[in-house]
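Colleague: Okay, here's what each chain looks like letter by letter:
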Amino acid sequence: MASFYGFEPTNPLFLGTARYPSPAILAEAVKRSGAEVVTVSLRRESGGEGAGQAFWGLIRELGVKVLPNTAGCHTVKEAVTTAQMAREVFGTDWIKLEVIGEDDTLQPDVVGLIEAARILSDDGFQVFPYTTEDIVVAGRLVDAGCEVLMPWGAPIGSGRGLNNPYGLRTLRRHFPGIPLVVDAGIGLPSHAAQAMELGYDGILLNTAVARAGDPVAMAEAFALAIRAGRLAFEAQPIEARDMAAPSTPVMGKAFLA
Amino acid sequence: MTLLLNGAPHEIAGKTLAEALSELGYADRIVATAVNGDFVPVRRRAETALNEGDRVEVVAPMQGG
Chain C
2 MASFYGFEPT NPLFLGTARY PSPAILAEAV KRSGAEVVTV SLRRESGGEG AGQAFWGLIR
62 ELGVKVLPNT AGCHTVKEAV TTAQMAREVF GTDWIKLEVI GEDDTLQPDV VGLIEAARIL
122 SDDGFQVFPY TTEDIVVAGR LVDAGCEVLM PWGAPIGSGR GLNNPYGLRT LRRHFPGIPL
182 VVDAGIGLPS HAAQAMELGY DGILLNTAVA RAGDPVAMAE AFALAIRAGR LAFEAQPIEA
242 RDMAAPSTPV MGKAFLA
Chain H
2 MTLLLNGAPH EIAGKTLAEA LSELGYADRI VATAVNGDFV PVRRRAETAL NEGDRVEVVA
62 PMQGG
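Chains as they are written, first to last, in the numbering used here: chain C, 2 to 258; chain H, 2 to 66.
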């Protein structure tokens, strides 16, 4: 299994915590998935309500690692400040760095992403950048100090799966030693299995589980698919070919014509 | 003085960020703070003086993907 800044999960599912029908279902889904890392965020809190305190209590009871994000940040400054606040609140140097460039697709602003990644890496953060499958951008992120890359499968929340399997495959080939996580756009367990079969080291997803009719069952389905995909990759799949190749030996077949 | 707390105006008597947070009901809460867009760590809240019209952001853990 890959090492994410020294952490080697048995189950490389990074599960989001947003949009579940209830906190109890969220907790049950995390348990059933076997996820060892969950993503969390920061939002404004008024002095009176304390909703965030209850949520944080629930996550701590689960005993999983947290990966805070900078969701919704559109500038380098916003993302860096959010990361600093997250480090203090969650007590971790891990940060899922999002710098959003465009609201229809929530596509990363890769220029801002590289700049923010450099600032945060220099400041001691361990950055998990939400990026595209662009190899040149990926190289710049590695140069900026990122030891993990998280290319999108498809736009966040779209459930479209791997929009560009070729791009993801070439990224994998180009960076054989960098842990790669497909982050965003996963809709079905088969999408997650496909990414793992390509040799990806982990899957980050949220909506596909949280908004399923039965999030707890879907969480388990993803865990199984990720395991199957990883096993298949390690087992070295056959190459696809255009023409048939008989699987039953032809030699020795009775002549009956 | 009047602060812009999480985007809404609030009257406070305190002179520092630590005093303002206590006055606004954040004592003992796990929150992070920024003033005018810059992060202010817990250890610097008591020495961070506030001025009329400052933008204070107070955030807490929340669900995220």
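Derived by calculation from the structure, the hints in this document are not laboratory data. Some hints could be false.
[Claimed, not checked] Which stretches of chain H does chain C cover? Using the computed rule of at least three CB atoms under 8 angstroms from a CB of chain C, they are:
{"hint": "1", "segment": "12-19"}
{"hint": "2", "segment": "38-45"}
{"hint": "3", "segment": "50-62"}
[To be verified] Cut-off 20 angstroms, straight-line C-alpha distance, at most; resulting in silico cross-link-like pairs (SDA-like, lysine to any residue):
{"hint": "4", "chain 1": "C", "residue 1": "Lys66", "chain 2": "H", "residue 2": "Ile31"}
{"hint": "5", "chain 1": "C", "residue 1": "Lys78", "chain 2": "H", "residue 2": "Lys16"}
{"hint": "6", "chain 1": "C", "residue 1": "Lys32", "chain 2": "C", "residue 2": "Arg20"}
{"hint": "7", "chain 1": "C", "residue 1": "Lys32", "chain 2": "H", "residue 2": "Lys16"}
{"hint": "8", "chain 1": "C", "residue 1": "Lys78", "chain 2": "H", "residue 2": "Gly8"}
{"hint": "9", "chain 1": "C", "residue 1": "Lys78", "chain 2": "H", "residue 2": "Phe40"}
{"hint": "10", "chain 1": "C", "residue 1": "Lys66", "chain 2": "H", "residue 2": "Met63"}
{"hint": "11", "chain 1": "H", "residue 1": "Lys16", "chain 2": "C", "residue 2": "Gly48"}
Since the model is a prediction, treat every value here as computed from it, not as a measurement. Ideal placement from N, C-alpha and C gives every residue a C-beta, glycine not left out.
Colleague: Each hint needs a verdict: does it hold in this structure or not?
Modeller: Tested hints:
| no. | hint | in the structure |
| --- | --- | --- |
| 1 | 12-19 | violated (count 0) |
| 2 | 38-45 | holds (count 5) |
| 3 | 50-62 | holds (count 5) |
| 4 | Lys66/C - Ile31/H | holds, 18 angstroms |
| 5 | Lys78/C - Lys16/H | violated, 26 angstroms |
| 6 | Lys32/C - Arg20/C | holds, 17 angstroms |
| 7 | Lys32/C - Lys16/H | violated, 46 angstroms |
| 8 | Lys78/C - Gly8/H | holds, 18 angstroms |
| 9 | Lys78/C - Phe40/H | holds, 10 angstroms |
| 10 | Lys66/C - Met63/H | holds, 15 angstroms |
| 11 | Lys16/H - Gly48/C | holds, 18 angstroms |
Of the hints listed earlier, those the structure fails to meet are numbers 1, 5 and 7, in rising order.
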